[in-house]
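Taking the hints into account, I'd like the entire structure generated from these sequences.
The opening residue of the sequence shown carries number 338 in the working numbering; numbering runs sequentially from there.
Rather than coming from a laboratory, the hints here were simulated on the basis of the structure. Hints are not guaranteed to be accurate.
[Unchecked claim] Here are the computed distance ranges between Cβ atoms for each label pair:
1. L434 / A350: 14 to 22 Å
2. G379 / I400: 18 to 26 Å
3. G383 / L363: 35 to 43 Å
4. L363 / A428: 29 to 37 Å
5. T381 / R342: 28 to 36 Å
6. A428 / T403: 20 to 28 Å
7. A358 / L436: 42 to 50 Å
8. Q351 / G396: 15 to 23 Å
9. D435 / S386: 34 to 42 Å
10. T411 / L436: 13 to 21 Å
11. R431 / T408: 37 to 45 Å
12. L363 / G406: 22 to 30 Å
13. T427 / R407: 35 to 43 Å
14. L434 / K402: 35 to 43 Å
If you're wondering where the values come from, they're calculated on a predicted model, not measured in any experiment. Backbone N, C-alpha and C define an ideal beta-carbon position, used for all residues, glycine too.
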Amino acid sequence: MTGPRELDPVIHAQARLRVVATLNTLGEANQITFPGLRELLGMTAGNLSVHLGKLEEAGYVEIVKTHRGRTPTTYVALTRRGRRAFEDYTAAIRELLDLS
338 MTGPRELDPV IHAQARLRVV ATLNTLGEAN QITFPGLREL LGMTAGNLSV HLGKLEEAGY
398 VEIVKTHRGR TPTTYVALTR RGRRAFEDYT AAIRELLDLS
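The structure is reproduced here in structure tokens:
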């Protein structure tokens, strides 16, 4: 018998879990602007940037910097890998809860 799955340490941090869970609700191929995500989560720009950087390093989010007219705009989206990691994470949590 094998033990419960390990919780992904990248997602397990509370702020990153909130980011991934929020992006997961957007559905595949959907993205949100950085300010929109920051407002939804109630996080500071600096704090959100740090956590997005860690998620991007893991391949869980894609960050696209572009322009709307002359205004720089940053879009954030959950990648397929990120969506899979979130699904695995939630399954691992359910397994842990079933063990109780």
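These are the hints, each one checked on the structure:
| no. | hint | in the structure |
| --- | --- | --- |
| 1 | L434 / A350: 14 to 22 Å | 20 Å, holds |
| 2 | G379 / I400: 18 to 26 Å | 20 Å, holds |
| 3 | G383 / L363: 35 to 43 Å | 23 Å, violated |
| 4 | L363 / A428: 29 to 37 Å | 20 Å, violated |
| 5 | T381 / R342: 28 to 36 Å | 32 Å, holds |
| 6 | A428 / T403: 20 to 28 Å | 35 Å, violated |
| 7 | A358 / L436: 42 to 50 Å | 22 Å, violated |
| 8 | Q351 / G396: 15 to 23 Å | 21 Å, holds |
| 9 | D435 / S386: 34 to 42 Å | 36 Å, holds |
| 10 | T411 / L436: 13 to 21 Å | 40 Å, violated |
| 11 | R431 / T408: 37 to 45 Å | 42 Å, holds |
| 12 | L363 / G406: 22 to 30 Å | 24 Å, holds |
| 13 | T427 / R407: 35 to 43 Å | 41 Å, holds |
| 14 | L434 / K402: 35 to 43 Å | 39 Å, holds |
Hints 3, 4, 6, 7 and 10, counting from the list given before, are not met by this structure.
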